[in-house]
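Visitor: Letter by letter, the chains look like this.
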Amino acid sequence: EAEVAQSPRYKITEKSQAVAFWCDPISGHATLYWYRQILGQGPELLVQFQDESVVDDSQLPKDRFSAERLKGVDSTLKIQPAELGDSAMYLCASSRGRVASPLHFGNGTRLTVT
Amino acid sequence: TQLLEQSPQFLSIQEGENLTVYCNSSSVFSSLQWYRQEPGEGPVLLVTVVTGGEVKKLKRLTFQFGDARKDSSLHITAAQPGDTGLYLCAGGGGSQGNLIFGKGTKLSVKP
Numbered sequence: 001e002a003e004v005a006q007s008p009r010y011k012i013t014e015k016s017q018a019v020a021f022w023c024d025p026i027s028g029h030a031t032l033y034w035y036r037q038i039l040g041q042g043p044e045l046l047v048q049f050q051d052e053s054v055v056d057d058s059q060l061p062k063d064r065f066s067a068e069r070l071k072g073v074d075s076t077l078k079i080q081p082a083e084l085g086d087s088a089m090y091l092c093a094s095s096r097g098r099v100a101s102p103l104h105f106g107n108g109t110r111l112t113v114t
Numbered sequence: 115t116q117l118l119e120q121s122p123q124f125l126s127i128q129e130g131e132n133l134t135v136y137c138n139s140s141s142v143f144s145s146l147q148w149y150r151q152e153p154g155e156g157p158v159l160l161v162t163v164v165t166g167g168e169v170k171k172l173k174r175l176t177f178q179f180g181d182a183r184k185d186s187s188l189h190i191t192a193a194q195p196g197d198t199g200l201y202l203c204a205g206g207g208g209s210q211g212n213l214i215f216g217k218g219t220k221l222s223v224k225p
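Heads up: the protein sequence lines correspond to chains A and B, in order.
Per the numbering used here, the first sequence starts with residue 1, numbered consecutively.
Per the numbering used here, the second sequence starts with residue 115, numbered consecutively.
None of these hints come from the bench; they were simulated from the model.
Just so you know, not all the hints are guaranteed correct.
From the structure, some residues in chain B lie toward chain A, with a derived Cβ separation under 10 Å [claimed, not checked]: (1) Ser145; (2) Gln147; (3) Val164; (4) Leu200; (5) Ala204; (6) Asn212; (7) Ile214; (8) Phe215.
For each residue, glycine too, the CB sits at the ideal point set by N, CA and C.
Model the full assembly from the supplied sequences, consistent with the hints where possible.
Guide: The structure is reproduced here in structure tokens:
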């Protein structure tokens with residue numbers, strides 16, 4: 001079964017540095033999500049794309065976070081500058097976008113900010 | 115703002131015991147999904163329920179969607195160590211296909 005690919009798997013960075021995460025969704029999935037998950041808690045939506053357009057970025061800290069999906073396929077999430085509180089798992093998911101469509105998650109990028 | 119409350123937050127039981135995990139909200143959802151997540155991996159879908167009162171069974175797991183579509187439960191019969199993980203409920207209600215996740219129930223099944 002096709003999977004959502006994410007890289008890197010782990011990232012350690014110093015505060016105030018820039019960091020970027022990459023996601024390649026399942027082919028044909030129009031909707032792509034970036035979630036942030038604090039250890040042991042549920043995922044929190046950062047941004048949702050429908051094709052190349054952002055449909056929900058209300059919870060994205062736009063002063064330091066940015067996300068793009070230029071060709072409506074793969075996506076990049078960037079943090080600049082990183083802060084200690086950004087340490088978390090960053091999960092990418094994709095779906096067909098229909099109501100009740102299941103989300104298919106990648107295995108995430110574990111970010112540690114020192 | 116739609117919120118999903120999951121309880122209990124943590125659950126530690128012995129192999130062979132039964133358990134129930136709850137997911138509650140004051141909001142109505144058009145669908146509700148349950149996911150299971152193992153350490154270091156992304157959540158994996160277990161089931162989707164869309165009709166009020168719906169009951170779905172998946173081997174030893176039984177999922178129920180409340181009549182008013184505001185709550186759901188997950189019951190596991192004869193839990194096994196392989197059931198250990200973080201169980202997440204997620205409610206869908208928007209036309210954009212977005213999901214709101216609960217904070218999860220961390221289940222540990224000891225042999």
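Visitor: Are the hints correct? Go through all of them and say.
Guide: Against the structure, the hints come out as follows:
Because the beta carbon of Ser145 (chain B) sits about 4 Å from the nearest beta carbon in chain A, less than 10 Å, this interface hint is met. For the restraint placing Gln147 (chain B) at the interface with chain A, the shortest Cβ-Cβ distance is roughly 7 Å, inside the 10 Å limit, so the hint holds. Taken as an interface hint, Val164 (chain B) checks out: its beta carbon lies about 5 Å from the nearest beta carbon of chain A, inside 10 Å. A least Cβ separation of about 7 Å between Leu200 (chain B) and chain A falls short of the 10 Å threshold, and the interface hint therefore holds.
Satisfaction of the interface hint for Ala204 (chain B) is found here, the shortest Cβ-Cβ separation to chain A being roughly 8 Å, below the 10 Å cut-off. With a least beta-carbon distance of about 6 Å to chain A, the hint placing Asn212 (chain B) at the interface is held under the 10 Å criterion. With a cut of 10 Å, the hint placing Ile214 (chain B) at the interface with chain A holds, because the nearest CB-to-CB distance is about 8 Å. Against a cut-off of 10 Å between C-beta atoms, the interface hint on Phe215 (chain B) holds, since the closest Cβ of chain A lies about 4 Å away.
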